[in-house]
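Q: Make a model of the complete structure from these sequences and hints.
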Amino acid sequence: MSQWSQVQQLEIKFLEQVDQFYDDNFPMEIRHLLAQWIESQDWEAASNNEAMATILLQNLLIQVDEQLDRVSQEKNLLLIHNLKRIRKLLQGKYHGNPMHIAVIISNCLREERRILAAASMPVQGPLEKSLQNSVVSERQRNVEHKVSAIKNSAQMTDQDVKYLEDLQEEFDFRFKTIQGLEQNDKNSALIKQEMLTLQAMLNTLDYKRKEVLSKIGRVIHEIDVLMNSMLTEELLDWKRRQQIACIGGPLHGGLDQLQNCFTLLAESLFQVRRQLEKLDELLTRLTYDGDPIPVQRPQLLEKVNFLLYNLFRNSFVVERQPCMPTHPQRPMVLKTLIQFTVKLRLLIKLPELNYQIRVKATIDNVCPSNRRFVLCGTHVKAMNMDESANGSLSVEFRHLQPKEMKSSAGSKGNEGPHMVTEELHSISFETQVCLYGLTMNLETSSLPVVMISNVSQLPNAWASIIWYNLSTNDPQNLSFFNNPPTATLSQLLEVLSWQFSSYVGRGLNSEQLNMLAEKLTGQQISYNDYQLSWAKFCKEHLPGKSFTFWVWLEAILDLIKKHILPLWIDGYIMGFVSKEKERILLKDKTPGTFLLRFSESNLGGITFTWVDQLENGEVRFHSVEPYNKGRLTALPFADILRDYKVIMADNVPENPLKYLYPDIPKDKAFGKHYSCQPNEVSKPSEGGVKGYVPSVFIPVSKILIDSTDPHSPSDLLPMSPSVYAVLREHLSPTVIETAVRGTLPFTIA
Numbered sequence: 001m002s003q004w005s006q007v008q009q010l011e012i013k014f015l016e017q018v019d020q021f022y023d024d025n026f027p028m029e030i031r032h033l034l035a036q037w038i039e040s041q042d043w044e045a046a047s048n049n050e051a052m053a054t055i056l057l058q059n060l061l062i063q064v065d066e067q068l069d070r071v072s073q074e075k076n077l078l079l080i081h082n083l084k085r086i087r088k089l090l091q092g093k094y095h096g097n098p099m100h101i102a103v104i105i106s107n108c109l110r111e112e113r114r115i116l117a118a119a120s121m122p123v124q125g126p127l128e129k130s131l132q133n134s135v136v137s138e139r140q141r142n143v144e145h146k147v148s149a150i151k152n153s154a155q156m157t158d159q160d161v162k163y164l165e166d167l168q169e170e171f172d173f174r175f176k177t178i179q180g181l182e183q184n185d186k187n188s189a190l191i192k193q194e195m196l197t198l199q200a201m202l203n204t205l206d207y208k209r210k211e212v213l214s215k216i217g218r219v220i221h222e223i224d225v226l227m228n229s230m231l232t233e234e235l236l237d238w239k240r241r242q243q244i245a246c247i248g249g250p251l252h253g254g255l256d257q258l259q260n261c262f263t264l265l266a267e268s269l270f271q272v273r274r275q276l277e278k279l280d281e282l283l284t285r286l287t288y289d290g291d292p293i294p295v296q297r298p299q300l301l302e303k304v305n306f307l308l309y310n311l312f313r314n315s316f317v318v319e320r321q322p323c324m325p326t327h328p329q330r331p332m333v334l335k336t337l338i339q340f341t342v343k344l345r346l347l348i349k350l351p352e353l354n355y356q357i358r359v360k361a362t363i364d365n366v367c368p369s370n371r372r373f374v375l376c377g378t379h380v381k382a383m384n385m386d387e388s389a390n391g392s393l394s395v396e397f398r399h400l401q402p403k404e405m406k407s408s409a410g411s412k413g414n415e416g417p418h419m420v421t422e423e424l425h426s427i428s429f430e431t432q433v434c435l436y437g438l439t440m441n442l443e444t445s446s447l448p449v450v451m452i453s454n455v456s457q458l459p460n461a462w463a464s465i466i467w468y469n470l471s472t473n474d475p476q477n478l479s480f481f482n483n484p485p486t487a488t489l490s491q492l493l494e495v496l497s498w499q500f501s502s503y504v505g506r507g508l509n510s511e512q513l514n515m516l517a518e519k520l521t522g523q524q525i526s527y528n529d530y531q532l533s534w535a536k537f538c539k540e541h542l543p544g545k546s547f548t549f550w551v552w553l554e555a556i557l558d559l560i561k562k563h564i565l566p567l568w569i570d571g572y573i574m575g576f577v578s579k580e581k582e583r584i585l586l587k588d589k590t591p592g593t594f595l596l597r598f599s600e601s602n603l604g605g606i607t608f609t610w611v612d613q614l615e616n617g618e619v620r621f622h623s624v625e626p627y628n629k630g631r632l633t634a635l636p637f638a639d640i641l642r643d644y645k646v647i648m649a650d651n652v653p654e655n656p657l658k659y660l661y662p663d664i665p666k667d668k669a670f671g672k673h674y675s676c677q678p679n680e681v682s683k684p685s686e687g688g689v690k691g692y693v694p695s696v697f698i699p700v701s702k703i704l705i706d707s708t709d710p711h712s713p714s715d716l717l718p719m720s721p722s723v724y725a726v727l728r729e730h731l732s733p734t735v736i737e738t739a740v741r742g743t744l745p746f747t748i749a
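Under the working numbering, the first residue of the sequence shown carries the number 1, and numbering increases by one thereafter.
Calculated from the structure, these hints are not laboratory results. Be aware that one or more of the hints could be misleading.
Claimed, not checked - Below, computed lysine to aspartate or glutamate pairings styled on EDC-like, alpha-carbon distance capped at 16 Å: (1) K239 <-> E222; (2) K303 <-> E222; (3) K146 <-> E211; (4) K208 <-> E170; (5) K343 <-> E387; (6) K666 <-> D639.
A: As structure tokens, then:
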């Protein structure tokens with residue numbers, strides 16, 4: 001079943017979440033019509049590869065054209081109209097930036113997987129609950145309402161200033177008319193009456209000036225209150241959601257809404273600033289004793305300039321955190337001399353700023369170690385509105401490389417493997433905005449990043465990123481790992497489930513999470529309030545093992561991603577179950593029932609255990625030696641399950657795997673993943689490759705019925721029926737038996 005088909009079967013509350021992230025950037029009609037094709041493309045890789053993204057965009061438009069041809073034959077006028085509109089939209093938006101649509105589609109597919117994983121969970125995690133409450137919060141709606149009200153107030157004040165200007169022009173005309181009269185004329189009764197009228201007009205002018213200044217003051221106060229309360233909270237909330245999204249959590253939205261609020265407030269402040277400039281102009285033409293303009297205007301202007309600076313300073317944000325194109329799902333881990341990308345946005349979108357703001361990127365070197373870095377590549381670029389599909393004022397650095405500077409001899413000698421991956425740095429950005437006579441210097445920084453010099457450091461570096469962003473919302477605590485805090489186990493398990501939903505398309509259920517909790521704590525506990533240390537998670541070896549919990553889990557993620565992904569997505573791999581638990585599950589099942597679990601003793605290994613029964617009713621369990629990536633590269637796991645045979649005492653091979661736990665026929669579960677039929681497996685060539693003796697790799701399993709010794713996993717190595725048939729053609733049963741009892745595997749010539 002396709003991912004989109006699974007999405008359509010969700011409950012309405014989950015479908016509403018899906019509806020939120022499909023818009024004109026990537027219409028849902030295209031997702032629906034091209035579901036299979038879209039899911040078969042590697043959008044994640046294309047999001048950081050322009051050439052690949054260009055090809056995918058072209059192929060996407062071809063797919064849309066094919067759909068257009070199909071619906072044209074069906075004479076579906078509405079669908080024809082929509083597809084034509086969508087095709088024009090896609091080509092217009094992404095022709096100059098094909099990587100952007102790859103990012104959008106990759107994010108949509110990832111968010112679908114996360115929602116599917118959340119739907120399979122009996123209880124929503126604490127982190128996701130808090131995030132969902134904030135996404136559609138009442139505060140957000142209040143901010144948008146207040147910003148709109150402030151904009152209206154500023155526009156109404158414009159009308160008051162215009163009325164004041166008209167009133168003063170009339171006063172100036174009348175006053176200058178009287179001044180131009182002869183002295184005798186000034187003593188007439190008519191002139192005296194005009195003087196009284198002028199005095200009344202001056203009183204009205206004074207009242208209106210005070211009224212306008214009061215209204216301007218109220219607008220400024222409302223903006224000040226909004227910026228320092230709800231808008232600041234909304235921005236901090238977005239930044240927290242971005243942190244969580246970076247470690248696999250729900251996609252963070254709301255930046256476009258924030259941009260709208262910031263832009264409207266900036267427009268309102270500049271409008272107020274123009275009103276104050278107009279009052280200054282009126283002041284040069286007319287002033288009087290008790291005039292409120294020279295007293296109040298300087299204070300109001302100073303406050304406006306201060307608010308503009310703070311608004312611009314807060315609007316300069318890192319829209320997409322630093323990430324290597326080679327590891328798009330491991331952001332904030334950067335390898336020396338490998339390019340990374342990072343995107344910044346100014347949330348104040350004014351046409352006057354297009355291509356006028358140049359941003360410079362640097363690395364902060366404030367960590368306590370002696371390691372120092374510089375950025376190579378283009379580290380100064382101009383922000384513009386042309387590169388982003390939504391027209392935002394942004395800049396994306398795509399060719400930055402961190403380079404480690406040479407340090408004094410011996411400075412690296414004391415750095416252990418964890419010391420490097422616990423060092424935090426940040427990428428800093430600075431720019432200058434010059435607008436309407438104002439000059440503002442702005443700075444911002446990325447979330448903390450970990451610099452590695454070898455990909456073998458990547459797993460521990462990613463663990464550091466997870467722990468930091470789970471444990472704190474402080475965006476710049478570079479000394480965090482000097483004394484790392486504990487984490488709530490329930491939240492950590494939720495994040496671990498996200499690693500699976502975001503990286504391999506299916507999260508963990510409560511039973512799987514319980515097993516991980518037991519592995520982390522060494523006991524069965526209620527883990528809601530349990531506090532886990534950083535050392536327990538990533539530094540201390542598991543009891544009796546030579547590796548840490550995190551290294552073990554990361555190896556499983558890698559195994560799933562590269563070798564057993566379809567089986568994992570289908571939910572047929574129980575995976576996280578202890579040996580004790582698997583025996584409890586299987587003991588009352590039909591002989592031949594089996595389950596799949598990840599090895600607890602081997603890194604990146606998967607095994608299967610089945611149950612059978614002797615004639616006397618004794619129940620026995622058999623576990624095959626774990627398969628690692630080396631063996632799974634040679635033979636797909638689904639084919640192994642199909643072809644697996646054991647040789648009993650009478651040398652009759654049989655497949656003991658009948659039902660996937662609890663009672664699913666094996667072929668029903670895995671049939672669609674079989675790569676070929678057993679009789680299609682090729683035999684070794686008669687003469688072999690020229691110059692070589694032909695050989696066949698033969699892993700063999702053998703079970704001795706009369707043996708009373710428990711079987712170790714190494715006793716059970718798999719053999720396909722096709723290979724066994726080849727054996728019988730080339731070797732006698734005696735030779736096979738000798739080989740089985742001897743060293744395995746072996747070759748035949």
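Q: Indicate, hint by hint, whether the structure satisfies it.
A: Evaluation of the provided hints:
Restraint check for K239 and E222: not satisfied, since their Cα atoms lie roughly 24 Å apart, outside the 16 Å limit. At roughly 12 Å between alpha-carbon atoms, K303 and E222 fall within 16 Å of each other, so this suggested pair holds. With a C-alpha separation of about 22 Å, the suggested pairing of K146 with E211 is violated against the 16 Å cut-off. Restraint check for K208 and E170: satisfied, since their Cα atoms lie roughly 14 Å apart, inside the 16 Å limit.
A C-alpha spacing of about 11 Å is found between K343 and E387, which places the hinted pair at or below 16 Å, so the restraint holds. Restraint check: the Cα-Cα separation between K666 and D639 comes to about 11 Å, which is no more than 16 Å; the hinted pair holds.
When the structure is compared with the earlier hints, violations turn up for hints 1 and 3 and for no others.
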